[in-house]
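Sequences listed follow chains A and B, in order. Residue numbers for the first sequence follow numbering that gives the first Met the number 0, so the first one is 0 and each next one is one higher. Residue numbers for the second sequence follow numbering that gives the first Met the number 0, so the first one is 0 and each next one is one higher.
There could be a bad hint or two in this list.
In this list, chains with the same sequence are indistinguishable; a pair is considered to hold if it fits within one copy or across any two.
[Stated by the list, open to error] Here are the computed lysine to aspartate or glutamate pairs in the DMTMM-like style, where the Cα-Cα straight-line distance is at most 20 Å: (1) K465 / E564; (2) K465 / E543; (3) K465 / E183; (4) K52 / E262; (5) K594 / E535; (6) K352 / D236; (7) K465 / E562; (8) K188 / E110; (9) K253 / E175; (10) K242 / E271; (11) K352 / E593; (12) K135 / E369; (13) K99 / E535; (14) K594 / E73; (15) K465 / D362; (16) K52 / E17; (17) K465 / E535; (18) K596 / E175; (19) K294 / E239; (20) K96 / E239; (21) K337 / D361; (22) K242 / E110.
Hint data in this document are derived by calculation from the structure and do not stem from the laboratory.
Number of protein chains: 2
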Amino acid sequence: MKPWSRLQNIYYMNRYAERIEHLRAFMRARDLDAVVIYNADPHLSEYPALRWKQVEWLTGFTGEAGDVVVTMDEAYLWTDSRYFIQAESQLDGTGIKLQKARIPGSVSVDEWLLASQGEGARVGVDSFCTSVENYKSLIARFDVVCIPDMLTPLWEDRPGIAQTPIYSINPGESVEEKLDWLMETLSEKECDYIIISALDEIAWLLNVRASDIEYTPVVISYLLVGRDGVKWFALKDEIEDDKTSATIELLTSKGIRCLPYNEVSIEISSLEDALIWVDRQTLNIEIFSAIKCKKYFAPSPIQTRKAIKNPVEIDNMRETHLRDGVAMENFLHWLENKVNDGSRVSEWDAALKLAEFRRQIDDYVENSFETISAYGAGAALPHYHTPSQNAPLLMPSGMYLNDSGGQFLRGTTDITRTIPLGVCTELEKRDYTLVLKAHIDLASSVFPSGIPGCRLDAVAREALWKYRVDFGHGTGHGVGYFLGVHEGPAQIRQNLSGAGLFSGMIISIEPGVYREGMFGVRHENLYLIADAGESEFGHFLKFEPLTMCHFDTSILNLSLLDEWEIAWLDNYNRRVYESIGTFLDEPVRSWLREKTKPVK
Amino acid sequence: MKPWSRLQNIYYMNRYAERIEHLRAFMRARDLDAVVIYNADPHLSEYPALRWKQVEWLTGFTGEAGDVVVTMDEAYLWTDSRYFIQAESQLDGTGIKLQKARIPGSVSVDEWLLASQGEGARVGVDSFCTSVENYKSLIARFDVVCIPDMLTPLWEDRPGIAQTPIYSINPGESVEEKLDWLMETLSEKECDYIIISALDEIAWLLNVRASDIEYTPVVISYLLVGRDGVKWFALKDEIEDDKTSATIELLTSKGIRCLPYNEVSIEISSLEDALIWVDRQTLNIEIFSAIKCKKYFAPSPIQTRKAIKNPVEIDNMRETHLRDGVAMENFLHWLENKVNDGSRVSEWDAALKLAEFRRQIDDYVENSFETISAYGAGAALPHYHTPSQNAPLLMPSGMYLNDSGGQFLRGTTDITRTIPLGVCTELEKRDYTLVLKAHIDLASSVFPSGIPGCRLDAVAREALWKYRVDFGHGTGHGVGYFLGVHEGPAQIRQNLSGAGLFSGMIISIEPGVYREGMFGVRHENLYLIADAGESEFGHFLKFEPLTMCHFDTSILNLSLLDEWEIAWLDNYNRRVYESIGTFLDEPVRSWLREKTKPVK
């Protein structure tokens with residue numbers, strides 16, 4: 000840890016310790032034994048909006064996954080292996096202890112509470128930030144006290160609920176078509192209503208986007224669809240911008256009523272003698288408690304429907320990836336020159352430069368997540384946080400890892416390249432090659448339609464396992480269309496889950512290897528899941544590359560690759576050049592032609 | 000279908016229709032809307048003992064998996080894809096209809112009953128042949144009437160409960176050691192007792208074997224282990240044979256009380272103020288209902304412990320497989336000569352001849368399952384039943400498949416070889432090669448300790464999927480030590496299951512391809528799961544071959560195999576020759592030397 004960082008921690012320690020103590024006074028006044036604070040907003044978003052960055056506010060921890068439990072004498076943060084090192088550093092001096100989640104022998108929030116506070120303990124939660132599922136689990140053992148906006152009385156200057164301009168997009172299917180499908184799905188289950196809380200589901204259904212949350216272009220809102228029409232609870236303030244007014248006018252013309260955000264509870268509590276579809280994982284307990292009619296519990300039908308992209312979305316995603324590839328190649332060319340000519344380039348500078356290239360693309364809106372720009376040992380942290388000040392400098396040896404992506408009006412990108420900057424060790428070369436081998440083995444696989452992604456995970460890892468190497472994160476995640484860069488239900492990972500892979504889905508392939516204190520390698524492309532033909536044995540699928548950016552071949556250990564794997568690589572690199580070469584200026588084009596030459 | 004078979008069906012039709020009608024009269028008298036008959040004995044064995052072949056008695060269907068539902072006007076048999084063709088043929092003319100289980104859109108027994116009879120219908124079951132798990136599922140929707148030995152009043156000459164000579168074996172761990180471990184496990188969970196109903200678990204724990212069930216050398220019995228000792232409910236008749244007397248004497252000397260089989264209910268109902276461990280999947284509802292004390296529900300701890308073989312068991316399994324390999328090679332040599340010199344050899348003759356070779360092994364007890372001996376199109380049925388009369392003859396073209404195994408005093412074997420008998424088509428050659436490729440890819444894999452088998456399944460299938468080929472059965476199953484040829488919990492298959500693979504387990508690898516009306520290919524070996532080293536990324540495992548019998552290389556399409564796959568094959572075949580060559584007489588030895596020469 001650098002000296003400035005230690006000073007910073009001492010300053011923060013006081014701040015966070017003070018907040019925890021304020022919370023305990025609040026708990027004492029309400030006779031609570033414990034409070035649980037989930038890293039969630041009222042829509043159970045993966046990245047909570049600013050107003051709900053409550054875990055960061057309370058503890059200083061900035062990772063994406065973290066739940067907090069505070070009792071009268073203890074405070075713990077639960078997070079997974081991606082953030083162990085970061086959490087230990089950020090919690091240092093705050094008095095808050097780390098609980099390692101998702102490792103063998105780990106203890107869940109519920110189990111820890113039971114052991115520490117006993118059955119029937121009074122446990123407070125923010126009812127807006129607790130899913131029905133989490134609540135059901137807590138209530139089985141504890142006396143759960145629901146407190147809406149629990150932290151607001153303690154949180155000076157707590158941000159309000161964002162309301163950014165709302166605009167329409169045209170992704171190949173009209174709102175009417177989508178609503179017709181949804182109404183049909185409801186009637187199949189004899190449901191009268193569905194309450195939709197997941198923000199990407201609402202954005203998909205209404206073909207709207209905004210910037211209420213960083214990285215994911217959604218509108219903070221609820222949607223109630225049912226027998227007496229569609230009600231969208233989206234308005235936080237007076238609407239003053241033209242885009243929003245036009246969008247609301249358009250939706251109103253389609254019979255969709257746009258209502259104030261906070262009227263959802265009143266509206267939903269007025270439903271009587273009806274059956275309403277509820278997704279336990281994405282609805283918060285505050286809104287759920289307002290429902291007085293009967294409930295039908297099931298995952299939202301929109302999830303899988305949204306994941307299967309339509310032909311317009313697929314075409315646009317292909318086009319967007321060509322443009323993103325151009326930005327990437329311009330960046331990689333710039334990077335190589337800068338490092339070679341001895342310029343002072345830090346991880347942060349590199350991240351900024353790439354954003355600059357992406358910003359030149361017409362449709363660019365924002366990044367799709369926080370760029371990981373990591374040189375050497377930093378890359379050994381799969382979720383490295385690039386510091387804006389005093390970031391490490393890139394040197395002409397070893398490897399640099401860049402994991403980044405953009406939100407564009409016509410698609411979402413996510414790419415990781417690991418780039419050799421000069422002399423590499425044999426271990427770096429071997430790991431670089433093995434991770435590419437793992438990537439190729441999965442990318443070239445063929446598989447039955449509907450197969451759960453967890454069954455394919457080993458097709459990538461086997462290449463690593465043979466060398467007694469493995470990695471702790473998933474191999475692939477679904478990606479939205481100008482929506483969340485992580486999109487369910489499809490994924491390719493270790494955890495057993497029945498969610499199937501179907502034609503039209505978009506998914507990442509991103510194996511890695513991380514050597515603590517040394518280096519990290521990850522090779523990531525996005526792929527369209529495409530038809531691979533029928534036979535008497537069924538319908539088969541394959542991966543069609545969307546990402547168009549070459550893989551560096553200069554440090555490959557070719558003895559580790561089979562002939563057909565080398566052929567895949569040569570073919571992919573040639574395709575990259577053929578697809579985007581004409582969009583590149585000289586000398587980048589000539590440089591890329593060299594870079595994409597066959598390895599043998 | 001052959002003419003004699005149709006006549007047979009007409010005769011049977013009357014018999015089975017009559018039995019169903021008798022059952023309906025029985026149902027009417029008891030006011031039952033439906034009865035469910037599971038293909039199970041009171042111990043939920045995979046192969047029920049003769050007395051409990053009730054599905055076969057009622058319907059004529061002889062497959063291993065089949066549940067029956069009879070209502071006042073309908074009768075259905077549920078079975079899976081392995082038996083669709085067989086069931087359709089055997090049910091032809093009986094009035095019993097087939098329900099296809101485990102296919103997309105299939106309806107379960109419970110769902111069908113709900114739709115047909117409605118909630119709250121009176122459903123009869125044989126309480127001895129219904130697991131607690133199945134009962135819990137039924138009782139949630141129906142008024143379940145438990146009838147012990149339900150079919151006995153209708154079943155003239157129903158076989159009694161077998162009592163065959165019981166003998167002890169010495170598999171490297173004493174009964175005392177095993178009981179000490181079990182008592183410790185019970186106290187960890189604060190249990191006072193465990194009731195064990197699964198026959199292979201009892202045989203393992205007490206180091207006893209018998210022949211109460213065909214193919215699996217177990218004693219039909221219950222075992223109660225707990226704070227006041229061990230009670231074994233195993234005695235059905237007066238004991239008259241010396242082996243059994245000696246075994247009982249030995250166990251008695253260890254403090255184990257041997258009691259009559261039917262006293263288990265009385266004994267278990269007398270437990271008070273205690274906590275008893277119950278495995279819902281293997282205990283029947285009749286014995287379960289007798290329990291008056293508190294229950295702890297969990298899978299039996301014996302399952303995983305038994306699956307991890309001790310060093311003596313492993314050594315004995317290796318030795319047994321050498322002997323089994325000798326029998327196999329003698330058989331394959333005999334077969335090749337017979338077919339080449341134009342002798343008349345039927346599928347049945349071949350099965351008998353192989354059994355004859357196995358019987359020459361000192362420790363041979365019986366076969367470990369019904370031998371599948373199938374030529375040509377017959378082999379396209381993964382669970383082909385070789386007819387004892389008019390079995391097809393083997394011709395000098397196409398392929399012959401033999402899936403067989405033995406029970407030996409020091410191990411259990413299970414092997415499939417597909418043997419080209421002469422000219423083969425290009426498709427036969429391709430499929431033969433691809434299935435071998437799939438086998439090699441999995442057999443040579445390395446994987447993290449504890450990985451669920453379902454995550455490895457695709458490592459084999461990917462070789463087939465690339466050619467749009469697949470197969471409907473699992474890729475591998477656990478195998479017992481002189482116990483069940485199918486042994487849980489480990490397996491390698493499509494269905495998601497968290498049961499892990501650990502060092503010391505024994506498992507089959509047996510991919511296949513089946514072309515209806517043409518041919519079938521399956522290549523099966525048993526493997527020991529063995530250590531493959533540790534690294535910073537964890538503990539890794541690999542497969543070490545136990546089966547020692549060459550794979551025929553004469554019809555390989557070498558262009559489909561990678562160099563390293565060919566090297567695996569050459570290495571395996573060389574090892575077979577080196578391991579068992581010296582145990583073979585001339586000319587078999589010279590023949591095997593030729594057969595195991597490197598392919599290139």
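How the hints compare with the structure:
1. With identical chains, the CA atoms of K465 and E564 are at most 20 Å apart both within one copy (16 Å) and between copies (14 Å).
2. In this assembly of identical chains, the alpha carbons of K465 and E543 lie at most 20 Å apart only when taken from different copies (15 Å versus 26 Å within one copy).
3. In this homomeric assembly, K465 and E183 never come within 20 Å of each other (Cα to Cα): the closest approach is 50 Å inside a single copy and 37 Å across copies.
4. Neither within a single protomer nor between protomers do K52 and E262 lie at most 20 Å apart by alpha-carbon distance, with minima of 23 Å and 64 Å respectively.
5. In the homo-oligomer, the alpha carbons of K594 and E535 never lie at most 20 Å apart, since the shortest distance is 42 Å inside one protomer and 34 Å across protomers.
6. Proximity of K352 to D236 under the C-alpha cut-off of 20 Å is found in neither arrangement, the shortest distances being 36 Å within a copy and 87 Å between copies.
7. Both within a single protomer and between protomers do K465 and E562 lie at most 20 Å apart by alpha-carbon distance, with minima of 18 Å and 16 Å respectively.
8. Taking the shortest Cα distances, K188 and E110 sit within 20 Å of each other only across copies (16 Å), while inside one copy they are farther apart (36 Å).
9. Proximity of K253 to E175 under the C-alpha cut-off of 20 Å is restricted to the intra-copy arrangement: shortest distance 8 Å within a copy versus 78 Å between copies.
10. Proximity of K242 to E271 under the C-alpha cut-off of 20 Å is found in neither arrangement, the shortest distances being 36 Å within a copy and 74 Å between copies.
11. Taking the shortest alpha-carbon separations for K352 and E593, neither the intra-copy value of 23 Å nor the inter-copy value of 66 Å comes in at or below 20 Å.
12. Taking the closest pair of Cα atoms, K135 and E369 never come within 20 Å of each other, the shortest separation being 33 Å inside a single copy and 50 Å across copies.
13. With identical chains, the CA atoms of K99 and E535 are at most 20 Å apart between copies only, with a shortest distance of 18 Å across copies and 47 Å within one.
14. Proximity of K594 and E73 under a CA criterion of 20 Å is satisfied in neither setting, with 56 Å inside one chain copy and 71 Å between copies.
15. Taking identical chains as interchangeable, the C-alpha atoms of K465 and D362 are never at most 20 Å apart, the minima being 43 Å within one chain and 38 Å between chains.
16. Taking the shortest Cα distances, K52 and E17 sit within 20 Å of each other inside one copy (18 Å), while across copies they are farther apart (72 Å).
17. Taking identical chains as interchangeable, the C-alpha atoms of K465 and E535 lie at most 20 Å apart only when they sit on different chains, with a minimum of 14 Å there against 33 Å within one chain.
18. For a Cα distance limit of 20 Å, the shortest separation of K596 from E175 qualifies neither inside one copy, at 49 Å, nor across copies, at 69 Å.
19. Taking identical chains as interchangeable, the C-alpha atoms of K294 and E239 are never at most 20 Å apart, the minima being 37 Å within one chain and 65 Å between chains.
20. In the homo-oligomer, the alpha carbons of K96 and E239 never lie at most 20 Å apart, since the shortest distance is 46 Å inside one protomer and 68 Å across protomers.
21. Taking the closest pair of Cα atoms, K337 and D361 never come within 20 Å of each other, the shortest separation being 26 Å inside a single copy and 77 Å across copies.
22. Taking CA atoms no more than 20 Å apart as the test, K242 paired with E110 passes in neither setting, with 49 Å inside one copy and 52 Å between copies.
Checked against the numbered hints given earlier, the structure breaks hints 3, 4, 5, 6, 10, 11, 12, 14, 15, 18, 19, 20, 21 and 22 and satisfies all the rest.
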